[in-house]
Structure formats: structure tokens, C-alpha cells
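Novice: This is what each chain is made of:
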Amino acid sequence: MGAIITLSVLGILVLYLGLYKAKNALLPVTLLGLLVAFGFTVADWNKDATPLFNGMVYFDKFALAFSMLCIFITALILLLSKEYFRNISEHVAEYYCLLVFSLTGALIVTAYHNFAMLFIGIEIMSVALYILVGIRKYDKASNEAALKYFLMGAFSTGFLLFGIALLYGASGTFDLEGLRNYVLTAGEISPLFYAGVLLMLCGLCFKIGAAPFHFWTPDVYDGAPILITAFMSTVVKVASFVGFLRLFSMVFVPVSDLWTPVLLTVVIITLFIGNITALMQSSFKRMMAYSSISHAGYMLFALVSISVTSAASMFTYAFAYSLASVIAFAILILVKRETGSDQFESFNGLGKRKPGLALAMTVAMLSLAGIPLTAGFIGKFMMFNQVMGGYNIVLLLLAVVNAAIGVYYYLHVVVNMYFKDADGEMQIQIPTSYKVVLTLAVALTILIGVYPDCVIGLL
Amino acid sequence: MENIVQNIQGVPLNHYIIFCSIIFAIGVIGVLIRRNVIIIMMSIELMLNAVNLLLAAFSAYRGDASGQVFVFFVMALAAAEVAVGLAIIIMVYRNTKSVDIETLSKLRW
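Each protein sequence line maps, in turn, to chains F and D.
Going from the first sequence to the working numbering is simple: count from 1 and add 440.
Going from the second sequence to the working numbering is simple: count from 1 and add 242.
Chain F with its partners taken away, still in its complex shape:
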């Protein structure tokens, strides 16, 4: 709880700093605030968790672990922001403030124990992001992305709310505990409840960008500023998944006969659409957008066969995926600043010019593809293991085929970096903060890959 309060205050504080033109203090203050929030989550780790505020929020280990992950990744992304925001607009404080508010929403979504908090958390997270996506006011791509994101976000919220209303009609409560009791004790479950479950499934699939509700994702990820794309595809995506997993593992497990076939279809479509369209992209940023769709498919494995290890699998996968995405987007920012384009060709010759950057990029791509000795492999292994536990052999086979397709397009950029020569001179300056972030993320990726117990043991 301390973390949410700290972050809410921090957002307002940052706005005031912007008002008094303290531009140089923005980044240190925000990072310090994140550190304090992180400290609060660590301090709560060993306490006995009970639902707080009449069962509104519930900071169990599950919520705390994902809160820590979200705060950590946000801190990495903020470290990358030093020069980035100043190049886009003069109102730098708003960036930090909105990012912090969005993170607050994400934390609420990880810890909700009542549908009111789920709804409020998702809204706080999304409304801040609508603005961030469209923050380049005179760029038409950014405008279009903001409008599409806003319309699709509001549309999916409608589905989510209708689902909540029907669940309330059936059970008479918004509380997760109460809903679980209703599912377990009611002799005959009302048809309203079933309709509500399916509508909530649709709404949440929109939020995580799973096919067939994915069509907004590539456009929005492509049009948004790169750093905001990084935030969306890591923190926001992870938080939505956590909300999804908490709801389904806590409440809807007894009625899994109803939604498992639906979810299985969603997973299979998501994997194929994500991977096959990613193959055809010529822009690295857009490829990352499609790859994020396919990763949503892999992360849904934890929901297809829910068990005690679901949370740990989801955490490991989300951690690995977020680290690799941060590395990839950080390098994309540097490359784009130099070459002005985000096509695969702009990575040509990076292996000779900047071996360090190329190495970091290679590690990130291998991790996303799920090659052993990287964190991505452990994540994929646990997810596949999860599906094995549910005896979904067909799904497993399809997933392996998709993983193979994934290797092809992730290695595309590696091939460009090492085996193709660039046309002109390339003088990439790497700021110190980028070096710190890249080193940290690469080290963690390899550490988890070699010694996975340090993450799996958490949950």
C-alpha cells in the first residue's frame, strides 16, 4: 500500500517541479521516488497479507512481486529518458508525471481485490497512456496512434464493465472473495455469470492485445514515441496480464470448462497471427509490436492450465520479456537517433562499429527467441511445462512450431548487424545511463538464464 501512496504523491510532486522549472531535478526525484516505492514493497514482503480497506486491495506475494517488477522496469525506462523527452517537447515534467501515474494504475491492477479497483486501476493506467502516446502533437502518426488507442481502450472498457455488471447481477458482490464463494457454494450458477465471464475475457484480451482483439496493437506501438512503446509493451502489458491471471485463478477456476476452449482458440490464433505477420515486417519497431502479440500468446499459457506454478511461470516470463524488450528498444532509440529510421537496414554493420551494442542486442534477441542460457529460455520452458501439466499436447506442438518461426525473425536483425555492411559512417554516441541500463539488463538476462532459481523461488 505504501508504494501506491508514494507514487501518487510523487506524480504530483513532479508536476510541481515542472511548474517551478526545476528541470534537472526531475529525473533524480522520480528515480528516488521509485526507489522509495520499491523499498515499501520489499518491506511488505514478509508480512502476513490481508485484504485492506474493506477488501479493496490485497498485497500478497503475488501482487508484491509483480509490483516490484513493474517499478524496476519503469526505473530502467526512465533512465533511458534523459535526453529523449527533451528532444520531443518542452513540457518534460508531464512525461515523468504521466509515466508515474500510469505506473500507479499498474500497481493497483496487480493488487486489486474488488472489481472497483480493477476498473479504476485499468483506467488510471490507460488514461495516462492515451496522452503519452499522442504527446508528439504535430506528428500525424502519433496523433493517429493516440486516437486509435483511446477508441479501442474505451471500447474494451465497455466490455469489461458489462461483464462486471453481469457478474454482479449473478452474485451480488464485486469482491473477489465473495465471487469465489458464490462460484463454490451456489448450486446452480446463473447464466448471467457465464455471459459475464466471457465478456470479461473479451475485455481483458483487448487490453493485453491478444488476437482477434489485437488489431490496434501494431498501429499504436508503431505510432507512439519509442520509449512509450517500451513502457506499453512491458509494464502495462505485464500489469494487464497480472489482473487477468488473478481474476481467473482466484475466481473462475471452478467454471474453467466454459472458458478454457475459448481461451485455447485465442491463444492459437494469437501465436500464429503474431508470428506470421512479424515475419513480413521491414520495420524493427513494427516487428517488435507483432512479436509482443505473439508473446501475449505465450503468456496466456499460464492461464490455459492454471496450477500452483502459474504465478511463477508468468513472473519469469514477464521478467525475461520485459528485460529483453527494454534492451531492444534502448538500442533502437540510439540507432534511430543516428540513422533516422527504424528499418532493419539501419542496423547494418553495427557489429563492427559498436560491438558492445550489437552484443547486447544479440542477447536480447536470443532471449526473446528463447535460446538456452538466456532468461527467455527459462520463461518459455516454464510456460511449456505448464501446458504439459495440463496435457495439451496439440497446443504444445503448435507452440514449438511458433517458437521456431520466432527464431527466424529475431535473428534477422542479428544477421543484419554482423553480416551486412553499412553504407555511410556511423557515429553512435552511447550516453552513460544507456550503458548502465544495457549492462544491467544483459547481466540479469544471462543471470536468470544460468541460475533461474533466483526468480522462480520468489513466488
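Derived from the structure by calculation, the hints contain no laboratory data.
Because the structure is a prediction, the values reported are computed rather than measured.
Hints should not be assumed to be uniformly reliable.
[Unchecked claim] Subject to a maximum C-alpha distance of 20 Å in a straight line, what follows is the list of computed SDA-like cross-link-like pairs (lysine to any residue):
id: 1; chain 1: F; residue 1: Lys580; chain 2: D; residue 2: Gly272
id: 2; chain 1: F; residue 1: Lys580; chain 2: D; residue 2: Ala307
id: 3; chain 1: F; residue 1: Lys577; chain 2: D; residue 2: Asn337
id: 4; chain 1: F; residue 1: Lys580; chain 2: D; residue 2: Tyr335
id: 5; chain 1: D; residue 1: Lys339; chain 2: F; residue 2: Phe824
[Said to hold, decoys possible] Pairwise CB distance ranges, derived in the manner of DEER restraints:
id: 6; chain 1: D; residue 1: Ala267; chain 2: F; residue 2: Gly830; range: 30 to 38 Å
id: 7; chain 1: D; residue 1: Asn337; chain 2: F; residue 2: Gln867; range: 48 to 56 Å
id: 8; chain 1: F; residue 1: Val840; chain 2: D; residue 2: Arg304; range: 42 to 50 Å
Yeah, the Cβ is synthetic: ideal placement off N, Cα and C, and Gly gets one too.
Following the hints, put chain D in place on chain F, whose structure we already have.
Specialist: Relative to chain F, chain D alone:
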């Protein structure tokens, strides 16, 4: 208050559910087929208001106030969302001089 609850209960619950589902469906269809951004936003509002009505009806039938409190949350957050949404639409209009969603097709597949 008692009077209102009695009035609401004068109509069978099933009628509320069917009515709200129809309004919600009109909203969904509006979002999917209309091309004007303002009308799409109004359709989204229609969806949210169908939810509000349904929550109020369930709440009155169950004699449980939490459903009505939820309606306030929905209204407040919908207002916040619309404020941001209208700002985005004005920003788009300044750049493209149009509120037609077809003009926004710079980003494609």
C-alpha cells in the same frame, strides 16, 4: 429512496437485462460501423450508460448499495476518459482538418 426502489422493482428484472443488452449492442454496432469519431465516442458512452443502468437495476433488486456506488465510479472515470478523448480529437482535427476515421490511415499493417 424507498419510492424509487419500488418504482424500479415495478418492472421485471429480465426486462432491464434485455433493454440494457440492446442499448449495449447498439453502442457496439455504432463503434464498429460509424466513421465519424464523435459519433464513435457517443456510441462508447451509450455502452457505458447501458452498464450504469444495469448496475442500478441489479442494485435495486438486491437491496445492495454497492452497485449504485459502482455507477458513480463509472460516471467519474468515463468523464475523465472523455476529457482526454476530446482533447485527442481536437489535436487530430487541428492537424488533419477532419474527424473522419478514414483519413487516419497512415499506419497500416
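Novice: Are the hints correct? Go through all of them and say.
Specialist: These are the hints, each one checked on the structure:
1. F:Lys580 with D:Gly272: violated (25 Å)
2. F:Lys580 with D:Ala307: Between F:Lys580 and D:Ala307 the Cα gap is close to 46 Å, so the pair fails against 20 Å, i.e. violated.
3. F:Lys577 with D:Asn337: Judged against 20 Å, a Cα distance of about 9 Å means the pair holds.
4. F:Lys580 with D:Tyr335: holds (11 Å)
5. D:Lys339 with F:Phe824: violated (50 Å)
6. D:Ala267 with F:Gly830: 30 to 38 Å: holds (35 Å)
7. D:Asn337 with F:Gln867: 48 to 56 Å: violated (33 Å)
8. F:Val840 with D:Arg304: 42 to 50 Å: Given range 42 to 50 Å: holds, Cβ gap about 49 Å.
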